[in-house]
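These protein sequences, in sequence, are chains A and B.
Quick note on numbering: our numbering labels position 232 of the first sequence as 232, and the sequence is numbered without any gaps.
Quick note on numbering: our numbering labels position 153 of the second sequence as 153, and the sequence is numbered without any gaps.
Among the hints, a few may not be true.
DSS-like, lysine-lysine: derived pairs with alpha carbons at most 27 Å apart [claimed, not checked]:
(1) A:Lys125 to A:Lys189
(2) B:Lys175 to A:Lys125
(3) A:Lys18 to B:Lys175
Calculated from the structure, these hints are not laboratory results.
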Amino acid sequence: MPAPPLEIHDMTVAYHRKPVLWDIDLVAPEGQLIGIIGPNGAGKSTLIKAVLGLAPLASGQVRIYGLPYAQQRHLVGYVPQRETVDWDFPVTALDVVMMGTYGRLGWFRRPGAAERRLAQSCLEKVGMQGYAPRQIQQLSGGQQQRIFLARALAQDAHIYFMDEPFAGVDAATEQAIVTLLQSLRDGGKTVFVVHHELQSVRNYFDFVILLNLRLVAAGPTATTFTRQNLQQTYGGRLTILEEAAEAVRLGEPPR
Amino acid sequence: MIALSNTQLVMLGTSLLGCVAGVVGSFAVLRRRALVGDLLAHAALPGLCAAFLLLNYRALSARALGEVAAATSAWRFTAMLAGAFVTGLVGVAVVTFICRWTRTKEDAAIGIVLGTFFGVGVVLSSWIQNMPAASSKAGLQTYIYGQAAGMTREDVWFITIVAAACLTLVALLYKEFKVFSFDPGFARAQGWPTLTLDLVMMATLALVTVVGLPTVGVVLMAAMLIIPGAAARFWTDRLGRMLVVSGAIGAASGIGGTLISAGALESVLGYDPLAFGHNTRNLPTGPVIVLCGTALFLVSLLFAPRRGAIARLVRMLTVRRRIQHEHLLRSLYELSEPRLPRVLEVPLSQLIEDRSWTAAGVRRLLRWAGRAGLVERTATSAKLTTEGLALAERVVRRHRLWELFLISGADIAPDHVDRDADSIEHFLTPDLVRRLEAQLARTGRLPPAAVGAVPLSPHELAAHEAHRSNSPSAQEPTDG
């Protein structure tokens, strides 16, 4: 059996000694649209960041198609949260999308006509072909999100990790993005999406990862997205884990 | 090298320095790390002093051994710059460490480290001043206050080499710097060693700072890094162009400052534009260079197209005037609405009352509308022309559709709607108006008959009220 697109073993992630994800074990299936679901502060973004090497692993390991991420970067596309960048930066929409090709280009090589064409076609895929020369501040929130999506498409990956791609976008853009994600999935790609709007989960995702500091459940939406699992994910705000994490952060051993 | 006069030599040095400071400083400005330049410049001082002490110690012991002091000026220069470079980077490292491991925030950490390092530097330097054996104390003053006029041929060579190296580096790593500055998280996920890139950027910044110290001095060097980049941002929305503009502004500041302080402006231009007379010969070069940069920054801030203050003011006034024009058309329409399709002559007094305009304001608006062929005016009244009516219908339709939308979609009481609609309706595009109408019709808020026409106002209109209560003040046009 070929290696799965994502495999996580015993992963614990900690910021400043405070664990934010505990002991995650997970195997994700290929070619599916996968929702990462959980309340605020559940560690959804952290899960993605840990996989991409952006958050420090306190323990455990991550495998992308059987190998560490550092060797498989070219297979992975990433859409960070929209608020993480300064949109007043002096770049155009096309410039940003072209950044998706930088990884393949390697050191010193500049993007050329081929990269420009690819970026343009990615802009078309997200319905933003008319906006290529715009400075990115002049785009609406939904359009900015689509630019980020186009940049990930330009990475030409097999697996995509998207951090809240629906945050702050209008209903029409959300629908357009979902359609695009479905077409990626139908093309055999695996797409992970951080999401927190519960109503749409059944419609959007084939597979869900329910998260609240630890892995509550992971599996096909039909069997996993159940009332009981949701209660476990969302119920009881201050869980034992949270209290334990707080104790570790304060650094006071129990008496 | 061609024979250069002293002023030309200094000009070459300061313009190269300004150019490279502008380019590497742009990245600091874009990454909101502008204060790091300040930190680097101040933290360089203890390094300078330490290197000076070390050199002097060596020179003394060499003399004791009966040798000729081997420390040439070039060697001295390099050693002191190396010392400044090292403590500058140590300062940055300390700030990073404080931010990462304590609760102190970056701005506070920069303030603390900057002050502490500079304090150590000042203590060391005053100690040096009091040392009896110090062979050349004057050198240190140069680094604190800067002294471009004393620039030697070797200094200029050194600046040229550093400038060429830094500019080549930025050209080579342009793509890497771009993605890292814009989105460090994405850059790291893509596999770029962001820590190294950060260090390389910081090192170029430190190198340029340290090389610039003898020219403009510790305090003003930071300004040389920040001002050109901040000014360039006004002129363009592309990173590449911004770097070029920033470099040009830096170079121009260097040239301008040198010319002014050397009193050479008069001999170049044939007259003295600043009317300083011969006093300019005594102006220190470093501060004048920075002030030249500030002048260019102010010009950018005011006059840059699109992002400049004046362009923004003009845009704002244009919008405001258009809003006034649309209000006039709507008033004229509503005042004559009860008799439509007949267009009434509306007395000025009624127009004034309808929107609490001033008489002068209404006349000015009507003059515009008359010139545009939208109204026919008499001394005391105005009446929409056919084109005026068509335009007014569009304006009123847009206004009322938006009002209806606010009432149905946003749960706002009908009598509050008028004012809310006023602020936004003027910005609705035709496409948005069409979609608005379609949605209102679909949800039954708009009677099918009103689609494509001007809907009735969802609230009482003062204009209509006036019509009903008073004897008809708007007059029916007499036929013929």
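Now the hints, each set against the structure:
no.	hint	in the structure
1	A:Lys125 to A:Lys189	holds (16 Å)
2	B:Lys175 to A:Lys125	holds (24 Å)
3	A:Lys18 to B:Lys175	violated (36 Å)
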